[in-house]
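Asker: Going down the list, the sequences are from chains A and B. So the first sequence is numbered by the numbering used here: it starts at 59 and just counts up by one. So the second sequence is numbered by the numbering used here: it starts at -8 and just counts up by one.
Among the hints, a few may not be true.
Said to hold, decoys possible - Derived DSS-like pairs (lysine-lysine); straight-line CA-CA distance at most 27 Å: (1) A:855 <-> A:837; (2) A:532 <-> B:178; (3) B:178 <-> A:855; (4) A:837 <-> A:532; (5) A:475 <-> A:464; (6) A:532 <-> B:176; (7) B:266 <-> A:855; (8) B:233 <-> A:532; (9) A:532 <-> B:266; (10) B:1 <-> B:33; (11) B:178 <-> B:266; (12) B:165 <-> B:52; (13) A:382 <-> A:475; (14) B:176 <-> A:855; (15) A:379 <-> A:464; (16) B:52 <-> B:1; (17) A:92 <-> A:81; (18) B:14 <-> B:1; (19) B:176 <-> B:257; (20) A:837 <-> A:464; (21) A:671 <-> A:66; (22) A:855 <-> A:532; (23) A:671 <-> A:645; (24) A:532 <-> B:257; (25) B:257 <-> A:855; (26) B:33 <-> A:100; (27) B:257 <-> A:837; (28) B:135 <-> B:52; (29) B:14 <-> B:135; (30) A:681 <-> A:81; (31) B:14 <-> B:52; (32) A:855 <-> B:233; (33) A:551 <-> A:641.
These aren't lab readings, by the way, just hints derived from the structure by calculation.
Listed below are the residues making up each chain.
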Amino acid sequence: MNESIPPKEERMAALSGLGTSRKRVEDARFTQGKGNYVDDMKMPGMLFGDFVRSPYAHARIKSINTEAALSLPGVHAVLTAADLEPLGLHWMPTLAGDKQMVLADGKVLFQGQEVAYVVADDRYVADDGIQAVMVEYEELPVLVDPFKAELNDAPVLREDIADQSEGAHGPRRHPNHIFTWESGDRAATESVLSEAEVMAEEMVYYHRTHPCPLETCGCVASMDKVNGKLTVWGTFQAPHAVRTVASLISGIAEHNIRIVSPDIGGGFGNKVGVYPGYICAIVASIVTGVPVKWVEDRMDNLMATAFARDYWMQGKISATKEGKITGLWCHTTADHGAFDACADPTKFPAGFMNICTGSYDIPTAYLAVDGIYTNKAPGGVAYRCSFRVTEAAYFIERMIEVLAIKLGMDAADLRAKNFIRKDQFPYQSALGWEYDSGDYHTSWNKALAAVDYQGLRAEQAERLAAFGRGETRKLIGIGLSHFTEIVGAGPVKNCDILGLGMFDSCEIRIHPTGSAIARLGTISQGQGHATTFAQILASEIGIPAEDITLEEGDTDTAPYGLGTYGSRSTPVAGAATAMAGRKIRAKAQMIAAYLLEVHDNDVEWDVDRFSVKGAPERFKTMKEIAFASYNQAIPGVEPGLEAVSYYDPPNMTYPFGAYVCVMEIDVDTGTTEIRQFYALDDCGTRINPMIIEGQVHGGLTEALAIALGQEIAYDDQGNVTTGTLMDFFMPTAWETPNYQTDFTETPSPHHPIGAKGVGESPNVGGVPAFSNAVHDAFKSFGLTQSHMPHDHWRIWKIANSLGLHD
Amino acid sequence: MIASAFEYHKPDTVDGVISLLSKWGDDARVVAGGHSLIPVMKQRMTDISHLIDLGGISELKGVSIDGDTITIGAMTTQHELATDEALAEAAPLIREASLQIADPQVRYMGTIGGNVANGDPANDMPGLMQTLDATYHLTGPAGKREVKARDFYEAAYFTAREDEEILTAISFAKPSGGFAYEKQKRKIGDYATAAAGVMITIVGGTCTAASVALTNLSDTPVYCGAAVDALVGSSLDDTTIKVAVAAAVDASDPVADTRGPVDFKKYVAGVIVKKAITSALARA
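Same shape as in the complex, but just chain B (with noise of 0.2 Å):
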């Protein structure tokens, strides 16, 4: 358990990182909080020779929020989205979302950037992200581009980003309406074993406006389209949330692991999902 030996740096400016990438190529990746990377380093099922330290750059940390656009830096930790006054008033569903990662000490050290970027798909961000209709920034050698989290992710750990690019900030719209971050894990620590984002938008007794998706149930994070559509238009009623419900199990593709067989992982996400439907709704 311990990394083969590497080069460490710490650039402080996004393009020393770029140019670094540029130089170093496959033998080099950055690390953010390094939960992901450092024990596959130290497991030695990665090789890496160069280690960029992306902590030195300012200009990636921080939360902006600009009328109705909220923006956060990638080195943004999840410590400071769970605590920052001004964003959980913005969206109160990232506070929600960040205090049921992992522990305090692990979110100490975990970034919004490093969550969503690793393409891991139990991480809860990348779910969120979903739910949000985020905007990932990436800079790379070309220059800046954006792309849309619903987007971003093709397969575990295979993301749109592409090798000599770093994502730089994360943005989306002000949330509106009732909101809700539901997660089933076995243990502090633990990634979910089914987890759900619901945001409702209630207008007049109907929904106007709804956003599901999923965490750690397939692949990739899950974004629920069938399960908006049926919520949207309708009066939540109960019939239409049993479908809504269905829907979002219908999309989940989990595998079995020590969380337990598919089976199970169905019908608890079909469990969470309701749950965070229904205490959305309260909230709405």
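If we strip away everything but chain A, and leave its shape as in the complex, we get (with noise of 0.2 Å):
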């Protein structure tokens, strides 16, 4: 007989499950240098491969002269897309629906493209076989402004489609035009504008920036002739997306390609594409037999794996004279460089753009996007956001601070004014969307209560007055913001890439003496899934996490599932994880029940075990349980103890968050001091609150990063100007300020554990929270709107616009 049972309180902790904070497994192994990274991997025989590219954003190519290099001791092959071309691998599908030159196919489209691809001994006989390919170039006329793409003068640069007037996204207006797309209502919303009592529009430009992780994209593909597998071991985001593209675009059977993605040292979106350099190496290895290595330098990342952002928003807002916002209008102009690869769901060539009306209840809104080509490096990717979420998300909150200038208006007053109430939820947007849940205006409350905001605005006052008679020449701007967003893409109704529903996935399978193995579709690149995703478990099968071993990344293993970005990993694999979870409970309880000798209905799940009902000291442990499980003969319950979920969400999920930044900027120099940075995040129920912690400290650094510093720039020719780590800012910890954290809980109604998803929150808020606080410094100047990123010299312009400086 069981004689003492612990208390619940003792036996919860002790399996670490929901709400823990729990220290990441993870880090034992990244603290000590001991991860296993695609560049950690040595293979017999393997052979490195790298680009030759093209140093000119738009030229012809008349010839490539390989003899050179391949005379080289130590070169094997070099690869040109006319030897590509017979395996019809010279291009490739790009999940936008466009098609991508894998090696330059006539002409080259953006400076860094890949022209000819060099088998080496190693990496540093691959450089020099690089630099013996000869390549001659006629350099063509370049495009850089989008605005200019279809002007008469325009050069037409992807001469493939030039004539095809229907794109993947609808008709095409010009060659340099791809795609228009629409949500809302125009006409209601342009009747709307013209009647409205206040006005405000601005363009509102959110610059080309890059996600940068600290590992670059790479891959070892090995081709076992004798088997007929191939096996590519990569940076893959989607590594089960990744198995069935590379079937369909190379005929291998899908059964003999085995992805694996083993640890990934950051995505951030940039992961998540297919490359020219997967296919190179693919193609290498079946060309020479032996394993091929792929991995990008620093500078070929930033020049040619995928950027981020390019959205030039011009924008409309109208509202009543008391502040009621009646209207919003949007028109995108979207640069998307040589070839449309954008990483969105195939029904949606703007991501989630129509998220843009943001936390507010505008009853009436529009929104077009028009996709355009330039001499640009490809992506459009979610960098550490949902599909195209931190545009909408920094348009509107600029467009509220725009609109509270024009209305005279304290812009905390207006937001508050116009916020989606509580009771409206689940709310139904102009623009479509099922708003799950929200309480928007206690959040509000909270950060305006936490940083004294009054406070906050009466010694802005002071300093302003201090500034005026001379006595400084530093201002303090009070950045606001209050974003949704929409993650976790996404029901399979309406969310797919190439057809592929973005369902997913987790499998678990107990083990005789207790602890288990869960396999999910997705994939972790330092958010920390084997911690928290064995959390979950734990709180629904009574399994300590630390019983747990949690294995994603290996298409020959894991469940099929579309991989981790756009904050999807918990509220689609978390709530495939916990539904799996309650299978096995389901089964459990069978067992726990004949064990017990009682009817299924009469056992009660109580923390780690199943008790009978009234009788708490007859019970079941969830060890005892697996045990009997593959020990006992059980009528009509099969044998051992596993289940699997693939879960299609019924809607996506909506974090929401209020963030306050208090900025420090000297008009002389243009320099700037994070003084105070407030982050109130409501992610739903919160799984592990100090990985919440460390997600929103790196988000918000690199919200800080793209706010103050980080873009790709071209000059006029083309030429990026800021493709290196000196130029590209990445914030180190001498930058990046102190934050403050803090919380709000509004679970999601239909996700299974309440979830939402937090990982991309702090971007999506912070960079709106950052400008503002640079826009709001100098708004009693005259400033509404002034471009990204606020470097020194950018900030400096507007002080000097204002007529600051002596």
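Both chains come to you apart, so use the hints to assemble them.
Answerer: Right, dumping it as structure tokens:
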């Protein structure tokens, strides 16, 4: 007989389940340099492949001479488009329904484009080979300004599709035009705007930047010609989708392809797409019969693999004189570069940009997005955000500020006046989304109280007066942001990538001794999945998190899933984990009832065991049940204890938050200092508060980088001017301010455990907070809008143009 | 980003270096900390067949303070400059400037000799050497010679050093009076948007000696003689400082880059010079 049962709280604590700040199990290896990344892989006979890249943004290729390169000792092959063409692999499909050159086919369209692929003994010899490949170019006129793309004298970039008037997303009106995507009611919105009491209009530019993960992109491809099996280890945020795409474009049967994502050193959207480097490594392995590695260097990564943003958002917002918003209009010119390689759900060529009504109850709205080709690198990925959600949040949070200026209202009051009220959820937005839950007034009031908003405004006014008296050259900016995200793509009915529904999965096996392994269709790139998903499961099945192994990323063993990006892991795979756990528990209940000799319905779940109702001293722990499932013949119950769940979410989740940034700005030097940053996040049920805090710190730091200096800039000849970390701003500990984190908890009503996802919120909400602080500092001098990044010289230009210098 | 193959030499005497340089001529380069040369080699912007590492020559290392003269061996690292207590006592300006160079990792490798000899106008030490009126000691096939820092820089990466010479040491008179090295940069590890080194001596309320120089505001470091002329003999009143600042800005000739356009850089140069003068004055 079971004698003493530890108290419930004690047993819950032993599980390290939901809500526990459990230390990350991954960190033991990461902090000791014991991770296993792609570039750590060494295989017998492995060769290294690297690219000859275009020095020009737009040029015709007159000839490629590979003789000298091939004659170098240690160079095994040099691939060009001509070599790939017989295989049909000189072009590849993009995730956005376009196609992209794998190797330059007759012309190059951006600086850094892949022209030829040199396969050599090692990366040293490969670089010698690259230098020896002679490419003759004929320069062509360069198009870098998307607003000049459709002028009469604009060069035609994509000659391959110049005469196609229909693209993957509808009609194309010009050879340099990719698509027009619309959302909302244009006529109604224009009518509301024309009759508005107050209307503000502004161009809001979210500049081109880059996810720049610590580890660059790369892979090792190995074709085993004996058993016909291709294995590719790579930096893949979506290994299963990569397998399917690889099968479709190579013709190799899908069961003969194994894709493995080992440890990944950050992704942030950069590792979602399929790159020429992967294709070339695969072809090179087939050609040479040995494994071939490709790993980008930092300049390759910044110049050639997927960028983010580059959205020119022309906005109009209307309101009553009292500040009740009546309409929102947005036309976006989206600079996609040379190929449309955005990683968005197929039906959303501008991602979820139509979440741009933000946290506000805006009755009428219209959005149009025009995608444009330019001579820049392809991409347009979701850099630490759901698809185009940072763009949307930045747009609306700037437009609110612009409207507040027009109305002469405090921007905090204007927000509060227009928030969707708690009793309006689920809320149907004018642009078609159903917001699942929210409590914006509570988060807002908590944030304003925490920072003493009125006190800050008073201090700002005093500083302004002192500035006017010539006593200081520093201004104070108070940056506000209340953002709403849309994450967890997504419902299969409207979300797919290349026809693959965006569900996700979890498979659980309980071992006889009561420990477990769970495999998911996602892949951690530093998020700590092995820690947090074990916590979800611990709470669901009563097995301590430390006894649960989490495995992801190997398509031969993990269940199919669409991967990790767009904060989808917790909303989708996290839900699958909980649901699979519940299947385990349901079976465990039958086993427990059998063992306890009662009816199934006469036992009840109690943290880590099933007890007989009304007789808690009679129970079977999960450990006992697990063992029984392997050694007892139970009538009507299969042996073993396993479950798998494929979860198709009924809706997206809508995390939100309230951020306040207090910034000191030196008007003479353009330098900034973040004096305070308060971040309140509501991500629904909190799985691991410590990991949430870490995610918020990381996301805010990326937001700081983007807002204050990080950009991929081109000169008028299409040369990248920010191609190294000297010029591409990556904050160090020195530049990173202290963050104050806080939370409210509004669970998602449709998610099994109420979780919403948090990894990307701080980037989505952080950028407008930092940017609004800069704008706010100069507001009283007449500034309404100035484009990011707010680096020293651009801030100085603001001050200069406002007449604040001698 | 891989350098082409090269022969690596690590002689242990200056004579050994000179004979290698004489033998290989333009195919050879000396390397000190390597922070400027190695990236350029990795980008294959230069092709060097023979790399001569100066790291094995003990006579090129160390700081000596002999009466009023301070001599610093070319291979002394910026970290050593920043942490040498005797040097900090004798010439605190060196520590102040050293700590503003790049980041600790760079300072462990970067040397004062490499910093001043490369002729990169973005480096901090060449500007500082203008302020200190330092002397560079060169050794070549024809023996030793000295060149004043203020005469050393001809254009970006072009200096008075001959190809077969190496810079072995710098020396300067123990500074006195107030000092400051002020630098604006975008982030840790960055070169200056604008930087200025200033020294000021005051006797009985009158400025008796001064020195003002700029970093990364022209294609060479800039010694601002007109600014010095304005300061010396004055009581360093606000009007004088204004004139000196204007003279320094006038001597600058920055180019636009990712740090900003010319008008911005000139404006910030004025702010930084003023800050440096004010700070030096407060310590004088």
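Asker: Work down the list of hints and note, for each, if the structure agrees.
Answerer: For each hint, the structure was consulted:
1. A:855 <-> A:837: 14 Å, holds
2. A:532 <-> B:178: Within the cut-off at roughly 19 Å; holds.
3. B:178 <-> A:855: 19 Å, holds
4. A:837 <-> A:532: 14 Å, holds
5. A:475 <-> A:464: Holds. Residue 475 of chain A to residue 464 of chain A sits at ~16 Å (cutoff 27 Å).
6. A:532 <-> B:176: 18 Å, holds
7. B:266 <-> A:855: Distance ~21 Å between residue 266 of chain B and residue 855 of chain A Cα, so the pair holds.
8. B:233 <-> A:532: 20 Å, holds
9. A:532 <-> B:266: 15 Å, holds
10. B:1 <-> B:33: 20 Å, holds
11. B:178 <-> B:266: 19 Å, holds
12. B:165 <-> B:52: With a Cα-Cα distance of about 19 Å, the restraint between residue 165 of chain B and residue 52 of chain B holds, given a limit of 27 Å.
13. A:382 <-> A:475: Satisfied, since the Cα-Cα distance of roughly 7 Å is no more than 27 Å.
14. B:176 <-> A:855: 17 Å, holds
15. A:379 <-> A:464: This hinted pair holds, its Cα atoms lying about 10 Å apart.
16. B:52 <-> B:1: Given that 27 Å is the threshold and the Cα spacing comes to 15 Å, the pair holds.
17. A:92 <-> A:81: 17 Å, holds
18. B:14 <-> B:1: Holds, at about 15 Å.
19. B:176 <-> B:257: 14 Å, holds
20. A:837 <-> A:464: Given that 27 Å is the threshold and the Cα spacing comes to 11 Å, the pair holds.
21. A:671 <-> A:66: 16 Å, holds
22. A:855 <-> A:532: Distance of about 15 Å is within 27 Å: holds.
23. A:671 <-> A:645: 18 Å, holds
24. A:532 <-> B:257: Holds, at roughly 20 Å.
25. B:257 <-> A:855: OK: residue 257 of chain B and residue 855 of chain A at ~13 Å, within 27 Å.
26. B:33 <-> A:100: 23 Å, holds
27. B:257 <-> A:837: 26 Å, holds
28. B:135 <-> B:52: Roughly 17 Å between the alpha carbons, so the hint for residue 135 of chain B and residue 52 of chain B holds.
29. B:14 <-> B:135: At roughly 19 Å apart (the allowed maximum being 27 Å), residue 135 of chain B and residue 14 of chain B satisfy the hint.
30. A:681 <-> A:81: With Cα atoms ~24 Å apart, residue 681 of chain A and residue 81 of chain A stay inside 27 Å; holds.
31. B:14 <-> B:52: At roughly 25 Å apart (the allowed maximum being 27 Å), residue 52 of chain B and residue 14 of chain B satisfy the hint.
32. A:855 <-> B:233: 22 Å, holds
33. A:551 <-> A:641: 24 Å, holds
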